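**Student:** Based on the sequences and whatever the hints tell you, model everything.
From first to last, the protein sequence lines stand for chains A and B. Note that our numbering numbers the first sequence so that position 85 is 69, with each residue one more than the last. Note that our numbering numbers the second sequence so that position 174 is 642, with each residue one more than the last.
Just so you know, the hints here were simulated from the structure itself, not pulled from any lab data. Please note: incorrect hints may appear among the correct ones.
What the hints assert, rightly or not - Quick list of in silico lysine-lysine cross-link-like pairs, DSSO-like style, CA-CA up to 27 angstroms:
no.: 1; chain 1: B; residue 1: Lys669; chain 2: A; residue 2: Lys146
no.: 2; chain 1: A; residue 1: Lys367; chain 2: B; residue 2: Lys574
no.: 3; chain 1: A; residue 1: Lys45; chain 2: A; residue 2: Lys188
no.: 4; chain 1: B; residue 1: Lys574; chain 2: A; residue 2: Lys345
Bear in mind that the values here come from a model prediction, so they are computed numbers and not experimental data.
This is what each chain is made of:
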Amino acid sequence: MSGGTWKHAPGFYEGDRPRIVTSRFEYEDSFTLERYLATDGYKGLRTALGRPATDVHDEVKNATVLGRGGAGFPAGNKWGLTPQGVWPRYLVVNGDESEPGTYKDRLLMERDPHQLIEGCLIASYAAGLSQCFLYIRGEMALAQERVAAALNEAYAAGYVGKNILGSKFSLDIVLHWGAGAYVVGEETALIESLEGNRGMPRLKPPYFPAAIGLYGQPTIVNNVETLANLPWLLQNGAPAYTAIGTATSPGTRMVAVSGHVNRPGVFEIINGTTTFRDLLYGDEFCQGIRNGNDLKAFVPGGGSAPWFTPDQLDLPFEASQVGPAGSMLGSGAIMVMDSTTDIPRAALTLTRFYAHESCGKCTPCREGGTWLERILSRVVDGKGTDADLDQLFEVGESICPGAFPHASNEKLGLAAVPFPYRMNTICFVGPSAYAPVHSALTLFRSEFEARITKRKLISVTAVGQ
Amino acid sequence: MARLSEDNIRLAREIIGRYPKPRSATIPLLHLAQEQDGFVTNEAMSHIGELVGATSAEVYGTASFYEMFKFEPVGKFLINICGTMSCALLGAEELMHHAEGRLGIKMGSTTADGKITLERAECQAACTEAPCLQVNYRYRYRVTPQDLDALIDDLSSGALDAEIPAHGTVATVRQSIPADRGVGAVDPDDVTEGPAWLDGKAAL
Ligand SMILES: Cc1cc2nc3c(=O)[nH]c(=O)nc-3n(C[C@H](O)[C@H](O)[C@H](O)COP(=O)(O)O)c2cc1C
Ligand code: SF4
Ligand code: FES
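**Tutor:** Here it is in structure tokens:
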């Protein structure tokens, strides 16, 4: 194996829990074909090819494998949305991981690339997809190297390419990589980028690339973690898969918890039952807030998600409970803020992100995001006015009309506004610029007001002297 | 400093051949050009246009959308310091100030000797290891100001030249599909039938 640094990225903790996608992470050489084959690798593929494609598709449907890229749509159902009789169909793997707080797909690509390749093969076989494009974020050099090396090994050994394992199933998997643009993670932008264009989301409808995608053909876009579940699923069967987690959120999920906890880390957790309190305070997870501080707030599902406070700690990792509570699970990313956090400034780091990543296609996002950033910066710098706080809401309304979701808060006497929101934009980048501002201002308004009052005091003094 | 070299043309043709439509190779070829010259030159963009069947304006239109492509020389080492939430909560701003002070340049600029370019970056998918940075897209985790000083010393002395290729090279391992194993890409317009294995029977 030439070139590349083979040192593992840190952050993952095993724990004493069932492992579906991280079972090989304990091995230093987990990314090699040799280790993969020694640990049941490509057995799920063999099982799949021993059955008709529709059977394999049914197995995935029965397991309710929820998409792990953000929207949580069941993979088996998505594959069924391709129109009958339209050929060819493609698979595009979304490895563009760049939602703030999200750190899991990179680990899955670096540490177990063959598992992902096997997942691509199973999905393509089941859904009749004739070519697979594996799109990895441009800035992830090691992930690209590991997947390239794994593909080279897999081609040579007959697991990818013509007549796989001597069967009538043939599939090319092409490694493709991006060049730095967050919005490309949105599935229609990903397809534009893969066609060699600027990565701008496409106008909807059609809502699903499953109908019209790459080169106008039916295209399945799936997240890396979603596909990484398939080898285990095929080997162990849907009943074993659904025996873990809950009926509506079966299996496990990769979750990254970052920020002000004692042990930030990436964990494979049991879906549906693990609570935020378990994650933030549990011994096997993050072991509490740093320096014994109090928890102030946390972002439960990636930078786009409305914020929670300690009031929501006992919610489980279950969309049907987190949605009504005013937020979303998104991409499995929790960012924790302790009592020392400067809330307006923290919100600014996210709003600035989404404002900068706007592709500029729709006005509310392009203009609104910039406005939000500008006003919020002003407030953070102590140069804001009372009118600025109202204006933040007004600009937000132009992006997302109507009530915007937020969590309940006992101290403030607030009832939750459930997810989702309405939006005037093509994709979620615009609303995501507003989400942190809205949450911060709704739940911690006094911190913003303090910054404005301070300014008033300063100017009064200045005039008086 | 210009069009793609003979070796790179050969690689470019191989890459183009993997896609049903040549234009899909645009971004990979831009990376190839940046690897060759350290940044993307106008000559390379028109050459890429010829290879994939696009005008050089179209190639530039695509290239300019993406953060990683540079159109003028940058330092041999591009240091990207993450400033998004998880890193900001754990000292990213301080790290940026420290880097600016140490190198005597502002974020977004290059040292006079052309060695190091400093940039503010967004979430690098290493949030649990905050604050973090990348040097030519190679990670450094939980970086303290002292770590950063040591890193800059090593970059300046050449101690990391073997580990970190000069700016332009991202991955050092390439995919290569053996001629006898590859299925080959087909223009979707030439496909009328579903795949052979969808015949209701097991493939094996
Ligand atoms: C702005 C934006 C960025 C996104 N980024 C990613 C990403 O980096 N990775 C990902 O898998 N999905 C991302 N998504 C979600 C994808 O559009 C898509 O829903 C997902 O890849 C589908 O795969 P899944 O069904 O397996 O989850 C993003 C969505 C939006 C709106
Ligand atoms: S919401 Fe923003 S990023 Fe998304 S399509 Fe519109 S302008 Fe582009
Ligand atoms: S916020 Fe810095 S790596 Fe994610």
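**Student:** Evaluate each hint against the coordinates.
**Tutor:** A quick look at each hint next to the structure:
1. B/Lys669 - A/Lys146: Satisfied, since the Cα-Cα distance of roughly 18 angstroms is no more than 27 angstroms.
2. A/Lys367 - B/Lys574: Cα-Cα ~24 angstroms, so holds.
3. A/Lys45 - A/Lys188: Satisfied, since the Cα-Cα distance of roughly 26 angstroms is no more than 27 angstroms.
4. B/Lys574 - A/Lys345: violated, 31 angstroms
In this structure, the one hint that does not hold is number 4.
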